[in-house]
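**Q** Here the protein sequences line up with chains A and B, keeping their order.
For what it's worth, this note's numbering labels the leading residue of the first sequence as 1, then goes sequentially.
For what it's worth, this note's numbering labels the leading residue of the second sequence as 1, then goes sequentially.
If you are wondering where the hints come from, they were derived from the structure by calculation, not from laboratory data.
Check each hint, because a few of them may be wrong.
[To be verified] Straight-line distance between alpha carbons at most 20 Å, and here's what the computed SDA-like set of lysine to any residue pairs gives:
id, chain 1, residue 1, chain 2, residue 2
1, B, Lys12, A, Val16
2, B, Lys12, A, Phe123
3, A, Lys75, A, Arg5
4, B, Lys5, A, Leu76
5, B, Lys5, A, Val79
6, A, Lys141, A, Leu131
7, A, Lys75, A, Leu9
8, B, Lys12, A, Ala127
9, A, Lys75, B, Gly4
10, A, Lys141, A, Glu71
11, B, Lys12, A, Phe69
12, A, Lys75, A, Phe7
13, A, Lys75, A, Leu138
14, B, Lys5, A, Ile134
15, A, Lys75, B, Lys5
16, B, Lys12, A, Val12
17, A, Lys141, A, Leu76
18, B, Lys12, A, Ile83
19, B, Lys12, A, Val86
Below are the chains, spelled out letter by letter.
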Amino acid sequence: MGLGRSFLLAVVAFAVTAFSMGYVPILIRDVLAGSLGGGIVVQIPNFDTSLLLGLGILAGAFAFAQKMFQETNVKLSGVYGIIRYVVVLYYTLVFLQMIGTITVPTYNITIQTAYLFLATLIFLGIALNMLAYIVKILAPKEFEKKTETRK
Amino acid sequence: MGTGKAVYTTFKVLAVIFSLTATASGALLALDMTKINVSPPTSSSVQFDYSIGPPAQLNISFPLTITYGGSVCTINSVNLTLAIYGDAGGLGTPLFVNTTIFTLAPQTTMTINYNFSKTNPPLITHLSIRAIVKGVISEVGISFMGFGLDMLYTIF
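If we strip away everything but chain A, and leave its shape as in the complex, we get (with noise of 0.2 Å):
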């Protein structure tokens, strides 16, 4: 039955990186776009809706193999979460890259842009997760705990 755990919370896992990742940001833009009124259409030329929606289920399949090893086998869950985190690293630099130019085909107006300091919260975020992953390898005696006493 704990597999039974473990894979549940895998699912969701799978479900919410996937989704968050590959395709809000696809919905967010299609909702969006045209939105500004005065029929002003805004778009992001460099937008690859299948690289996001690529990596979003690569990242989501890195965590359901996170998730379902994070009881059974610590190690490999962490090196599968520093993994997925390689993988949102890797996304966060195409996002950013991807929606630092937007144009306004009306006006042909071109607007570049630089996230600086939404950009530097998301790294830091990264790197305290995949710093926390390798934590978990270094020492997994300390997270299997609660196996070995159910055994």
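Knowing the structure of chain A, use the given hints to seat chain B on it.
**A** Frame of chain A, contents of chain B only:
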């Protein structure tokens, strides 16, 4: 609680705090964009003299900084089309005069060599840039909330 677990928990809590802050900043950008400040104010920094004789002056300082509380977004440059409309001979029919594409780099001062009649001031589309920028930033702000959804899962 062992040292490893304590360090792990600390890292996780800090990660969640950073992620929540990023999410909240994105949400504020998206939902409350009326309080976003554009500095320098685009509309007031643009000085366009459409009087007869001397060429018109357009002064915009870049980068523009979009702020909400802390520093959030910097607009480094804007390519824009300056669509200028005039009234040929006061006939009342707007006449398309010219469209010029400019790239506004940091500390740009442009001289625009057009003369206009005082009675028929030109319509300059770039004055709506500020509203457009806010709309764009609000869209991007919501996108950032997507990151938070994933990061928040680390709580579990």
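**Q** Hint by hint, say whether it matches the structure.
**A** Going through the hints against the structure:
1. Taken as a hint, the B:Lys12 and A:Val16 pair is honoured in the structure, with Cα atoms around 18 Å apart against an allowance of 20 Å.
2. Taking the CA atoms of B:Lys12 and A:Phe123, the gap is near 14 Å; set against the 20 Å cutoff, the hint holds.
3. Simply put, A:Lys75 and A:Arg5 have alpha-carbon atoms about 19 Å apart, close enough for the 20 Å limit, and the pair holds.
4. For a cut-off of 20 Å, the pair hint linking B:Lys5 to A:Leu76 stands: about 17 Å separates their Cα positions.
5. Straight-line distance between C-alpha atoms of B:Lys5 and A:Val79 comes to about 17 Å, which keeps the hinted pair within the 20 Å bound.
6. A C-alpha spacing of about 17 Å is found between A:Lys141 and A:Leu131, which places the hinted pair at or below 20 Å, so the restraint holds.
7. About 18 Å separates the Cα atoms of A:Lys75 and A:Leu9, which keeps this hinted pair within 20 Å; it holds.
8. The straight-line distance between the Cα atoms of B:Lys12 and A:Ala127 is roughly 10 Å, inside the 20 Å bound, and the hint therefore holds.
9. At roughly 13 Å between alpha-carbon atoms, A:Lys75 and B:Gly4 fall within 20 Å of each other, so this suggested pair holds.
10. Distance check on the hinted pair: A:Lys141 and A:Glu71 sit about 11 Å apart at the alpha-carbon level, within 20 Å; holds.
11. Proximity of B:Lys12 to A:Phe69 is assessed by CA-CA distance (about 18 Å); at most 20 Å being required, the pair is judged to hold.
12. Straight-line distance between C-alpha atoms of A:Lys75 and A:Phe7 comes to about 18 Å, which keeps the hinted pair within the 20 Å bound.
13. Taking the CA atoms of A:Lys75 and A:Leu138, the gap is near 8 Å; set against the 20 Å cutoff, the hint holds.
14. Between the alpha carbons of B:Lys5 and A:Ile134 the distance comes to roughly 11 Å, so the proposed pair stays at or under 20 Å and holds.
15. Of the supplied pair hints, the one linking A:Lys75 and B:Lys5 holds, its CA atoms being roughly 14 Å apart against a limit of 20 Å.
16. Only pairs whose Cα atoms come within 20 Å are accepted, and B:Lys12 paired with A:Val12 is accepted, the gap being roughly 19 Å.
17. Between A:Lys141 and A:Leu76 the alpha-carbon distance is near 13 Å, which keeps this suggested pair within the 20 Å criterion.
18. The suggested pairing of B:Lys12 with A:Ile83 holds, with an alpha-carbon distance near 16 Å, which does not exceed 20 Å.
19. As the CA atoms of B:Lys12 and A:Val86 are separated by approximately 16 Å, the hinted pair is consistent with the 20 Å bound.
Every hint from the earlier list agrees with this structure, and none is contradicted.
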